[in-house]
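Enquirer: One letter stands for each residue in the lines below.
2 protein chains.
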Amino acid sequence: MKSAISALATGLAVLSLLSNVVDHVSARPNPKSGSKWMKDSRARGGLGGSRSHPIRRQDSGASCAAPVAQSIAAPKSNIWAGLTDAEAAPVVAWLFSQKDLNLTTASDAGEWDNTITLVELMIPNKTDSLSYLDGNGTAPARYAHIQLDHRASEEPYFQDILVGPLPIKNGTTRYEPLTYPYTRQTQGKVRNLEADSDSLSDWKHNVSASIADITLELFNGTSTGLDNDTIDAWGQDPYWQEDGIIQWNQFWGLPTDGFDEGTLLPLGLYFAANLTGRDPSKWALLGWFYNDVFYPTTEEFKTAFYSEGFEKLKPNIGGSWAATDQKGPVLPLDTLTPPLAVTPQGSRYFVDTEQKYIKWMDFEFYVAFSRDTGMRLFDIKYKGQRIIYELGLEEALAHYAGNDPVQSGTAYLDTYYGFGPYSFQLVAGYDCPSYATYLNTSFYTAETTHTHINSICLFESTADYPLQRHSTSDYVSITKNTYFTIRSVATVGNYDYAFTYSFHLDGSVHVEVRASGYIQSAYWANNGDYGFHIHDALSGSMHDHVLNYKLDLDVLGTANTLTSTKLVPTTETYPWSFGGARNTMKLARSHIANEDEGKLSWGENSATMWSVVNTDAPNDFGEARGYRIMPATSPMHLTVQNSTNLAKAAQWATHDLFVTRQKDTEPKSAHPANSQDVHDPIVDFDAFFDGESLEQEDLVVWFNLGMHHVPHTGDLPNTVFTSAHAGLQILPLNYLPGDPSRATINQVRVEYGSGNKSSITSFGQAQPTCAVDLAAYEPDLSNYVGDVVIRKFPFDPNDPYFAITGID
Amino acid sequence: MKSAISALATGLAVLSLLSNVVDHVSARPNPKSGSKWMKDSRARGGLGGSRSHPIRRQDSGASCAAPVAQSIAAPKSNIWAGLTDAEAAPVVAWLFSQKDLNLTTASDAGEWDNTITLVELMIPNKTDSLSYLDGNGTAPARYAHIQLDHRASEEPYFQDILVGPLPIKNGTTRYEPLTYPYTRQTQGKVRNLEADSDSLSDWKHNVSASIADITLELFNGTSTGLDNDTIDAWGQDPYWQEDGIIQWNQFWGLPTDGFDEGTLLPLGLYFAANLTGRDPSKWALLGWFYNDVFYPTTEEFKTAFYSEGFEKLKPNIGGSWAATDQKGPVLPLDTLTPPLAVTPQGSRYFVDTEQKYIKWMDFEFYVAFSRDTGMRLFDIKYKGQRIIYELGLEEALAHYAGNDPVQSGTAYLDTYYGFGPYSFQLVAGYDCPSYATYLNTSFYTAETTHTHINSICLFESTADYPLQRHSTSDYVSITKNTYFTIRSVATVGNYDYAFTYSFHLDGSVHVEVRASGYIQSAYWANNGDYGFHIHDALSGSMHDHVLNYKLDLDVLGTANTLTSTKLVPTTETYPWSFGGARNTMKLARSHIANEDEGKLSWGENSATMWSVVNTDAPNDFGEARGYRIMPATSPMHLTVQNSTNLAKAAQWATHDLFVTRQKDTEPKSAHPANSQDVHDPIVDFDAFFDGESLEQEDLVVWFNLGMHHVPHTGDLPNTVFTSAHAGLQILPLNYLPGDPSRATINQVRVEYGSGNKSSITSFGQAQPTCAVDLAAYEPDLSNYVGDVVIRKFPFDPNDPYFAITGID
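As given, the protein sequences belong to chains A and B, one line each in that order.
Taking the numbering used here, the leading residue of the first sequence gets 41, the next gets one more, and so forth.
Taking the numbering used here, the leading residue of the second sequence gets 41, the next gets one more, and so forth.
Careful: at least some of the hints might be erroneous.
[Unchecked claim] Cut-off 16 Å, straight-line C-alpha distance, at most; resulting in silico cross-link-like pairs (EDC-like, lysine to aspartate or glutamate): (1) B:K367 <-> A:D402; (2) A:K367 <-> B:D402; (3) A:K352 <-> A:D332; (4) B:K797 <-> A:D820; (5) B:K322 <-> B:D269; (6) B:K606 <-> A:D569; (7) A:K797 <-> B:D569; (8) A:K606 <-> B:D820.
[What the hints assert, rightly or not] Chain A regions said to be covered by chain B (calculated; three or more residues, Cβ under 8 Å): (9) 134-143; (10) 332-340; (11) 729-738; (12) 780-787.
Calculated from the structure, these hints are not laboratory results.
Note that the Cβ used here is the ideal one computed from N, Cα and C, for glycine as well.
Only chain A is shown next, with the shape it has when bound in the complex (with noise of 0.2 Å):
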């Protein structure tokens, strides 16, 4: 294996000429192999990776601005930003010439080799960067997170570990596990229950293979392992870790259309099989169900199934329910262009490409992205002052429910598939306005830096309503909202998820995200109490998806409080009442004062204002200035309680919100791992919550966001965002004197008056009156490369990505 070890370099060196450092490009040695892709990649890229299509300028006088983003320099290095090519190839090939490490390349590991699944760098602690933002202290020390898939023994585990500081130094540098951030301090490992995948495939199609008979009858078609296979068995992820290491699994159609609607296409038939240890010839099938019946062995499903009066379930078969092409007749002027948004004088806020630095009128901060979560914000500033340290996903479940052992068994932590790789090149003037601004991201995957081209887009939009507005018997006032966003799509499976940030003239930052894509439904029979009967045989299977992020507010520096302004029902007598008591209401208003205290609810009736303040930061009247949290949609957490699937992999999902103390040992509710060792996660959340004083200390928010979902024939062929959305919105509270969107030149007010002509004052805005060329709006898709990297299903952690295509 140390033959491809040369090669590490040079392929990471490639790898560069896409990535965000582009003033390196000059100095590195020319591409060894670069396909047509990456040569096309790089053409568009060559500004730096700002624009994501051809925006035409044109020369004429009378033409509307391109909406190119200005550029402009960002005041301190992004400390978050992911390694550099020159940091990471030093880094894989320096572990690559630890001997005690034992690792193997990527393409060359079998199932009983070691190698490396992670290469990406040590988000600092929030100590060390504070003092490099803040004072005169340098820029924290860059470390390299590394996680490594040790196979190469009987008990097989994930390890993460540190390597620096960086740059790599030949005989000084030496790695470390990585624990501190973890509750459970073992190393950095965690047990990997999937070493043996290639095997598990072999034995699931000798599984199936056994019972072709049965399928070819059932369903038309046989799992064997071969490629004319029309039928696929896979089943419950994580593994049921009760009693053995258990996977129930079903028989699952395959899309024969060129859609992706293998998920809506269960068959009814699942076995269960004992998978503990690394010996397949000792992993045991464990019995069959169909139609509500166990049966403990082959033999008896086939005595059964032979037998007569047995009860034969007809198959979900594909089709056009489930492409998501235009079908149907053409809706009426639908062939007429939409409404379509301009920029007709450019774009209007800053951006720094290679700090991935932004600046949109009293907004800045930066953006940072990793292989768990993908894009995350750090050092949001508002009007000069931190308002938020970090604010990013920190875990999102998927849990399911059913008669049935697949659904019933299914509760998928997606950090551990990751939401980084499946962060694709978002589609232009969709995903997107067509006039947006793209940033690239980037990942490790097998000795390679893989990139997605145009991953994160920024604009500005105006809303459809205002932002202001009062009308009086003389004037009336009103003010544009326009509004800036950062959002990023990812892709994890069947589901598709956009993450969206949003930023308001008001002051406030927006959390949304939405789902589409295809559900992972359940064969109806017997599912009538876990989901709604969708189509001939299929079950809308009921579940619950929650998304925690972290949220870590600074007002006015890191001594901060939480606290609670209740509205609640009362009885009073005043003084001005004449003796008569009234029903009316008032403020409760309190604070949480230490971690005991700190899983919290929105409470009934929507009545608990959570706000972030700094009680030594009263504002001129007496209030602490702070942010106020609030649910912009409908709030919800897990309903599962005390969750036998998730046991305690995740328990930030009990409750709407939690505070905790900001450590640097505790910078994230979960790890990636957390699935492979439910009962004993890495991360247990709930440790966290050790009675620490929470009073005008430094906080950690964690909000989940999230739907539960029980789809209906409307989810087919895909869920809609519309529908499938949750948000927060974070608002300055008694923050500042006044409403800040006062500032903006876009308003208007207009005196009227007895039927003469109206005075307006518009206070300077622009009134451009160029030709907008909507050439230069349409988006040319045929440059679309749709990024590379998909993943498996079902999911393989050792080989995660199923097809990096275009990277040699």
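Following the hints, position chain B against chain A.
Expert: For chain B alone, kept in the frame of chain A given last:
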């Protein structure tokens, strides 16, 4: 007073020129007196009111189309449209000819005269309407709904009467008390607590003058009724109705800077008046309240005031903090024009302006407009099938609380003022996109029909996020999210409510309300339990906004059932679970059997799905077809329990939503005069719940939208629409075989792979390459007339519309 009557028909005829029935214009006499304002309006309205501002069509083939709505003829008459002037004018004349009514024209009436306060179409009974809409029945007979203000009596009252059927035929036309839609059977009569508004004004000025020495010292102002008053006294509305008719008043500063900040200038000095009876000489001053001390007499108050140590609190004084104009440094790049939506190929919807009938994609509906509740929608059909018979606001309350008697006593019921009269002209390019289509609305006041020019807007928008997407290893499929909106905005005193209904390609209808404008604040002293301290001596007075809507869904006919599908935690043992119980979840499906169960909640953890289904109309898979009702924001109802202020006048506010049997005798959940007798309101919503079966009956859902509002500094000068927002979605549930948005051609599928050029399927989408002339999208606000009917503050029910400029 008879002399005035002959002018009435002419006056109404004049106004018909502004109405939407424009084809009658040529048959009418020339206006006797048309103001400049009216003439301007005619010139603009010449095409029938569907165009609000001059969009220039250009002849060049390269220019994009102008966004003029397509015309269409409504399939049926709009039987909910307001009375035409041809109908209304004879009704008014006829009423004046009824000697027993003893009516006086508004301009001539004093406190002891009877007047007409409403002339409006009586919305036909649903029973009658359906036979016309669905069968061969004739259109329902039209009746005029009249409200009379009987003040020529010791016991003044409002009375609702019906006049009809129309047209008026002298000799046969009769009037009858309107009683059948009300739960209280009192001949349509409700007492008028505010008959003596002029006398009260004088009386209050006398009280104020009696302490002019004090107000001068405390506030540097007096309230004596002179033009140069700089303070005013006004107070709780409705009056307190226990132990006499009591009103607490407060002194407030009068704005001097031209801005409408009066509700931000409370002065903290209060007095109570017993206003029982019609003899002002018997009205009694009940005492004073200042800085938490009650003084039963003026003498005692004065004595205290001039005693040593009396604490004099500082007044609230207006200033730039309360003005809405632009202030502060211009934001970076804000001088560039923000993004702007355009319609390259013109509008994509149909409007019958005369019938107020609208068709967009597979949706069609009629618009109605009333004095009490403004805009509402009728007969919403989707794919040719009625889904909603009626959708509209019923009532809105704003319930305050406080340690002071005015805020504690305030619980506005806004239909008393009416939303119709305050639904002003919309500001093109701000309230709605500049390319919107507009409709006029009208209401009756003082023997005239008053028309709001361009007070309803219609437009399409494309959201900044897609409707559907899915990425796979081979392709991405993604759909534009274009939707249709109808909006009106009503400024009821200090608050501006924007009412929005939108229609979506997934078959859903969204209902939204947003609030902006000035808060009604409180004086800070001793009010710390009731709000934040937001300015010098100002409390952001806590209050609940609750807005009740009527939603009459008809799913495949009127025989419907309200079902509940609830996600519930459970512990289950399954045939395949090897004996182990697991903590999981399941669906609890049930339905509301009768009205005793009809008061509903969205449930803990947002886990309850409410749906109106037709159990006799299962889909192909056996699920009842239906429409789901889902909160789009955090749901809420009134915090106050058994409100002493509201007593029985707003029983619709006690829960999140309600379901009752649709009855012609229960058309509305509230009456605009409920505030006049809160203990015995003319519509007691609670009386609707009398155990009637709701299984496969015609149902009405009454749902609440609203906000718990605890204003903070960011509400100064105005609350903003971004955070003061509530919404609900009405979504197909197993109603169609699949997602109907698949019909749109505005989607794309891009196939990619292995670095080759992508293959694009765009389903025949238009690809406009024309040039958009932005000058055509620049609204000409110099023609904005601002409308002309402004609520007097404080409100005077006998002279409700302060200024009707431009109408002679």
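Enquirer: Run every hint past the structure and note whether it holds.
Expert: Going down the list of hints, with the structure as the test:
1. Simply put, K367 of chain B and D402 of chain A have alpha-carbon atoms about 15 Å apart, close enough for the 16 Å limit, and the pair holds.
2. Restraint check: the Cα-Cα separation between K367 of chain A and D402 of chain B comes to about 15 Å, which is no more than 16 Å; the hinted pair holds.
3. A threshold of 16 Å between alpha carbons decides the hint, and for K352 of chain A with D332 of chain A the separation of about 12 Å falls inside it, so the pair holds.
4. Simply put, K797 of chain B and D820 of chain A have alpha-carbon atoms about 11 Å apart, close enough for the 16 Å limit, and the pair holds.
5. About 26 Å separates the Cα atoms of K322 of chain B and D269 of chain B, which puts this hinted pair outside 16 Å; it is violated.
6. Proximity of K606 of chain B to D569 of chain A is assessed by CA-CA distance (about 11 Å); at most 16 Å being required, the pair is judged to hold.
7. Of the pairs offered as hints, the one joining K797 of chain A and D569 of chain B is violated, with about 47 Å between alpha carbons and a cut-off of 16 Å exceeded.
8. Of the pairs offered as hints, the one joining K606 of chain A and D820 of chain B is violated, with about 46 Å between alpha carbons and a cut-off of 16 Å exceeded.
9. With 0 residues having a beta carbon nearer than 8 Å to a beta carbon of chain B, the region 134-143 of chain A misses the requirement of three or more and the stated coverage is violated.
10. Only residues whose beta carbon comes within less than 8 Å of a beta carbon in chain B count, and the region 332-340 of chain A has 3; three or more means the coverage holds.
11. Evaluation of the coverage hint for the region 729-738 of chain A: breached, as 0 residues show C-beta separations to chain B shorter than 8 Å, against a requirement of three.
12. Chain B is given as covering the region 780-787 of chain A, and this holds because 8 residues of the stretch bring a CB closer than 8 Å to a CB of that chain, at least three being needed.
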